[in-house]
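Enquirer: Which chain is which? The protein sequence lines are A and B, in order. Okay, so the first sequence: first residue is 1 according to full-length UniProt numbering, each after it adds one. Okay, so the second sequence: first residue is 1 according to full-length UniProt numbering, each after it adds one.
Simulated from the structure, these hints should not be mistaken for lab results. The structure presented is a predicted model; accordingly, all values stated were derived computationally and were not measured. Ideal placement from N, C-alpha and C gives every residue a C-beta, glycine not left out. Be a bit skeptical, because a hint or two may be false.
Unchecked claim - Partner residues aside, some chain B positions facing chain A, computed with beta carbon under 10 Å:
| hint | residue |
| --- | --- |
| 1 | ALA71 |
| 2 | VAL84 |
| 3 | VAL92 |
| 4 | PRO102 |
| 5 | GLY120 |
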Amino acid sequence: MDFGDSDTLRAGPRDTDLLLPHGARGVKVVIVGGFGVGKTTMVGAVSEIPPLTTEERMTQAGVGIDHNPGASGKSTTTVAMDFGRISINQELILYLFGTPGQERFWFLWNGIFEGALGAVVLVDTRRIEVCFEVITRLEDRRVPFVVAVNTFPEAPQYPLDELRTALALSDSVPLVTCDARDRASCRDALLSLMVYLCTLAVQETV
Amino acid sequence: MTSDNPHPPDGSRPWDEGTPVPLYVITGGEDSSAKTFDLVTLIATRSQPEPSMQPEQAAILSMCEYPLSVAEVSAYLSLPFSVVTVLLSQLVDDERVEAIAPVPVAAFPDRGLLEAVIHGLRRL
Numbered sequence: 001m002d003f004g005d006s007d008t009l010r011a012g013p014r015d016t017d018l019l020l021p022h023g024a025r026g027v028k029v030v031i032v033g034g035f036g037v038g039k040t041t042m043v044g045a046v047s048e049i050p051p052l053t054t055e056e057r058m059t060q061a062g063v064g065i066d067h068n069p070g071a072s073g074k075s076t077t078t079v080a081m082d083f084g085r086i087s088i089n090q091e092l093i094l095y096l097f098g099t100p101g102q103e104r105f106w107f108l109w110n111g112i113f114e115g116a117l118g119a120v121v122l123v124d125t126r127r128i129e130v131c132f133e134v135i136t137r138l139e140d141r142r143v144p145f146v147v148a149v150n151t152f153p154e155a156p157q158y159p160l161d162e163l164r165t166a167l168a169l170s171d172s173v174p175l176v177t178c179d180a181r182d183r184a185s186c187r188d189a190l191l192s193l194m195v196y197l198c199t200l201a202v203q204e205t206v
Numbered sequence: 001m002t003s004d005n006p007h008p009p010d011g012s013r014p015w016d017e018g019t020p021v022p023l024y025v026i027t028g029g030e031d032s033s034a035k036t037f038d039l040v041t042l043i044a045t046r047s048q049p050e051p052s053m054q055p056e057q058a059a060i061l062s063m064c065e066y067p068l069s070v071a072e073v074s075a076y077l078s079l080p081f082s083v084v085t086v087l088l089s090q091l092v093d094d095e096r097v098e099a100i101a102p103v104p105v106a107a108f109p110d111r112g113l114l115e116a117v118i119h120g121l122r123r124l
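Generate coordinates for the entire structure from the input sequences, incorporating the hints supplied.
Expert: Take a look at the structure:
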């Protein structure tokens, strides 16, 4: 961002950005995955604004859980999270946050899953092991989630039932493929999460 | 304030690296963490910025003429979330902005809410 040398901070949405109606309320969905799995691409594919980045700084208190070998003597670490939004209607704005899978990140953004509708776990079949921990943690925190396999052209293709077994995923959790660059494909992955949440809600009331 | 010695007497180094202004200066030294803010709490301006205001707070009032989430405010100001929430608590206390809490989501979200989201997504 360009601060220039003016005394006045001029920052904010672009003139072309959709303005949110007064009285609207926010709700969030979290997209979780390893580095380079396509979280920001997915956010950008469906967002009505170009993806933005919010950050948080981790100070001494959080350093103990991160070896951080390349940055000896550094007492703060900045972690960034890309996000976008979709205006659902005049009253409801859906925000999508792309969240790294590492423990230290979740420690810092304590509360990222609080009040979230649910999560989409984005998987790269070349680095499937990244997801094990993510899935375990989501289950521990009782965050409902679906798993979306990002179909990178160069990544090996496996049948979904093999992937389900490899991920030790329960039969009830939706597993879909998606192209993170494609708007309709990402929309469908989000829809599969919403439909899944509806089925959970029904089970709860039975 | 001027001094013959540019270095503080305690031998520590002057501010010459990293963020030009220490973040505790931007927040006015307030350290009460604003736990009531979520990333998607929407902020809407209720009064015009005044020339005497801190630039960051004036910028918030300008950009939130139409509502923006705390995450967006943080992104546009390039300030960490926790710093923005401190700035926002002061603005809420002074009744200069309104903070609209996110839709409450129970362990199992409300069916009407989910159907609204599904309907909205299908129009994408």
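Enquirer: Is the hint on GLY120(B) kept, meaning its closest Cβ partner in chain A is under 10 Å away?
Expert: holds (3 Å)
Enquirer: How about VAL84(B): closest beta carbon in chain A under 10 Å, or not?
Expert: The hint holds - VAL84(B) has a Cβ within 10 Å of chain A, the shortest such distance being about 8 Å.
Enquirer: Double-check ALA71(B) for me: the hint is only fine if its C-beta lies closer than 10 Å to a C-beta in chain A.
Expert: This hint holds: ALA71(B) lies near chain A, its Cβ roughly 5 Å from the closest one there, short of 10 Å.
Enquirer: With 10 Å as the cut and Cβ atoms as the points, is VAL92(B) at the interface with chain A?
Expert: violated (16 Å)
Enquirer: Can you verify the interface hint for PRO102(B): is its Cβ closer than 10 Å to any Cβ in chain A?
Expert: For PRO102(B), the interface hint holds, since the closest Cβ of chain A sits about 5 Å away, which is under 10 Å.
Comparing the model with each numbered hint stated earlier shows that hint 3 is the single one that does not hold.
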